[in-house]
Amino acid sequence: MSIETAITNIAPERIEIDGVTKSFTTNRGTIVALDNVSVKVAEGEFLCLVGPSGCGKSTLLNIIAGLDTPDSGRVLANGESVTGPGRDRMVMFQEHALFPWLDVLGNVMFGLRLKPGLNNKERKEVAKYYLDLVGLSKFLHANIHELSGGMKQRVALARALAPNPRVLLMDEPFAALDALTREQLYGDIQRIWEARRKTILFVTHNVREAACLGDRVLLFSPNPGRIHAEFQVTLPRARDINSVELAHYSTEITAALKGFTNKQGTEVAE
Amino acid sequence: MIRSLSSIVFFLALLLTWEFVARSGHYSTVILPSPLNVLEYIWQATCDGTLWVATLVTMKRLLLGYGLGLLFGIPLGLVTARFRLLQDTLGLLALGVQTLPSVCWVPLALLWFGQTEAAMLFVVVMGTLWSVIIATNDGVRAMPPIYLRAARTMGSKGLHTWVKVILPASLPYLVGGMKQGWAFAWRSLMAAEIFVTILTGFGLGQLLQYGRELLAMDQVVAVMAIIVVIGLLADRLLFSPWERFFHKRWGTGSVK
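From first to last, the protein sequence lines are chains A and B.
Sequential numbering of the first sequence, starting at 1, is according to this note's numbering.
Sequential numbering of the second sequence, starting at 271, is according to this note's numbering.
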């Protein structure tokens, strides 16, 4: 495989989540993280999953990633059943999860080294291409601890993009960053999504972030974890997190979120 | 610069005080040799080869025993950390046995192996093995589980995960464990050499014991000094470079 084919845009994947149920047993009882959840995600769609903590949105992401198995139901990636992790679906975690024993380049190379069909020189070129894409070409040999939080997440993004997956699964990747860094990354992720044509599933508890990034926003309600509402965001890109039009969407989503959190509150009171 | 100067001044003062007390005539040279006596012995024993041979014999035993301890200790520590059954059995055994001062293995080694090299080796391996198991085990268990999840999504599994993720992630602990293992091996070998008299090799510990029997205090102190120097050199040459590397890569503290 040449470098060109290694970094050529690969067709994004269609994801079908079909009646997925997952519950956890803790010492305080059983929590139904996902209750018969079905979603269809189109090729190249940017789908955001929002909801309060404990609503199962991260669990769903882990199941799609193949890191977790559902109690019942199944996940199909391009029509094929997901049975474990795969290079077509890469994950970005809230904690950067970079390996401190490797430098920046080494981290991006980690997944590439496991990808057949490339020699090491080509792998290095591919890694450099993605580090350039996230604006870190000057930091190839930096140690991870020397980077800021935002830079670490950029490396994690490059690492996830490098094996050229068809789906990117992002689990609250910007939650631990400061507002200014986050805003920059909103711009970057939209730019990269358009340039690299990926299906993205993005988990967040930040409603405005979801409205800014998603083509579609799914609102989850907790215990049992279900899809409570669905919103189409039709604003043109690239979107600005501070725009008035965006505020319109986020207000609508927040209102729906408050609707069921209040209702739950009264249920508890009764 | 100032720091090394203060070290030099301190040790010079120590030596001068020692020389002064030794020369005051209050103590017999059999009890307290002067630093010059000790140096003289070192010079003599270096020239006639006694020290070289003894050091060589000791280092050979040490490296063999220490090497065996690492060879078995690291893999065992890795598996005790990853499998609960081994954690509850072998891990517990290691935790208990490593509290045993290594000199306590000497009587057993003598009865089992007699006055042989095998007895010597046994004591050193027992001194090293358990602490290496514990340190490796602790290192693996301290690893954030997110590393494993991230590695799995990138297609790492089985042996690849062990070699490329679990092992490097626990390396700082591992080197700490290797360092501790080294110290334990060194101590247990000296205990073994002092208590096990054998004819197949005359090590530093035996030289020390021999010095006591001959009432040659200059020899006793000289050998002690050499044991200290070897320990220091090992720390500086074997472990410090690793530790410096980790501090740089991981960004963990320590001002050196």
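Take these hints with a grain of salt, some might be off.
Listed below are the simulated DSSO-like cross-link pairs for lysine-lysine, each with C-alpha atoms no more than 30 Å apart in a straight line [said to hold, decoys possible]:
#  : chain 1 : residue 1 : chain 2 : residue 2
1  : B       : Lys427    : B       : Lys330
2  : A       : Lys121    : B       : Lys427
3  : A       : Lys128    : A       : Lys115
4  : B       : Lys518    : A       : Lys121
5  : A       : Lys138    : B       : Lys518
6  : A       : Lys124    : B       : Lys449
7  : A       : Lys121    : B       : Lys434
8  : B       : Lys427    : B       : Lys518
9  : B       : Lys434    : A       : Lys128
10 : A       : Lys128    : A       : Lys138
With the C-beta cut set under 10 Å, the calculated list includes, among others, these residues of chain A facing chain B [unchecked claim]:
#  : residue
11 : Arg89
12 : Phe99
13 : Asp103
14 : Leu105
15 : His145
16 : Ser148
17 : Gly149
18 : Gly150
19 : Met151
20 : Ala156
Worth flagging that the hints you see were computed from the coordinates, not collected in a lab.
Glycine included, C-beta positions come from ideal geometry on N, C-alpha and C.
Hints versus structure:
1. Proposed proximity of Lys427(B) and Lys330(B) is contradicted: the alpha carbons are some 39 Å apart, above 30 Å.
2. For the given pair, Lys121(A) sits about 24 Å from Lys427(B) by alpha-carbon distance, which is consistent with the 30 Å threshold.
3. Taking the CA atoms of Lys128(A) and Lys115(A), the gap is about 16 Å. The hint holds against a cut of 30 Å.
4. Under the criterion of a C-alpha separation no larger than 30 Å, the hint pairing Lys518(B) with Lys121(A) is consistent with the structure, at around 27 Å.
5. For the given pair, Lys138(A) sits about 19 Å from Lys518(B) by alpha-carbon distance, which is consistent with the 30 Å threshold.
6. For the hint pairing Lys124(A) with Lys449(B), the CA-to-CA distance comes to about 35 Å; that exceeds 30 Å, so the pair is violated.
7. Under the criterion of a C-alpha separation no larger than 30 Å, the hint pairing Lys121(A) with Lys434(B) is consistent with the structure, at around 20 Å.
8. Between the alpha carbons of Lys427(B) and Lys518(B) the distance comes to roughly 28 Å, so the proposed pair stays at or under 30 Å and holds.
9. Using a Cα cut-off of 30 Å, the hinted pair Lys434(B) and Lys128(A) holds, with the two alpha carbons roughly 21 Å apart.
10. For a cut-off of 30 Å, the pair hint linking Lys128(A) to Lys138(A) stands: about 10 Å separates their Cα positions.
11. Restraint check, Arg89(A) versus chain B: the minimum CB separation of about 7 Å is within 10 Å; hint holds.
12. Checking Phe99(A) against chain B by beta carbon gives a least distance of about 6 Å; that is within 10 Å, so the hint holds.
13. At about 8 Å, the closest approach between the beta carbon of Asp103(A) and any beta carbon in chain B falls short of 10 Å, and the interface hint on this residue holds.
14. A distance limit of 10 Å between C-beta atoms decides the matter here; for Leu105(A) the minimum to chain B is near 13 Å, and the interface restraint is violated.
15. With a cut of 10 Å, the hint placing His145(A) at the interface with chain B holds, because the nearest CB-to-CB distance is about 3 Å.
16. The restraint placing Ser148(A) at the interface with chain B is violated, with a minimum CB-CB distance near 13 Å, outside the 10 Å limit.
17. Taking 10 Å as the C-beta contact cut-off toward chain B, the hint placing Gly149(A) at the interface is violated, the least distance being around 14 Å.
18. Interface hint status for Gly150(A): violated, as the beta-carbon distance to the closest one in chain B is roughly 17 Å, over 10 Å.
19. Annotation: Met151(A) was flagged as interfacial toward chain B, and the flag is violated, the nearest CB pair being 14 Å apart, outside 10 Å.
20. For the restraint placing Ala156(A) at the interface with chain B, the shortest Cβ-Cβ distance is roughly 9 Å, inside the 10 Å limit, so the hint holds.
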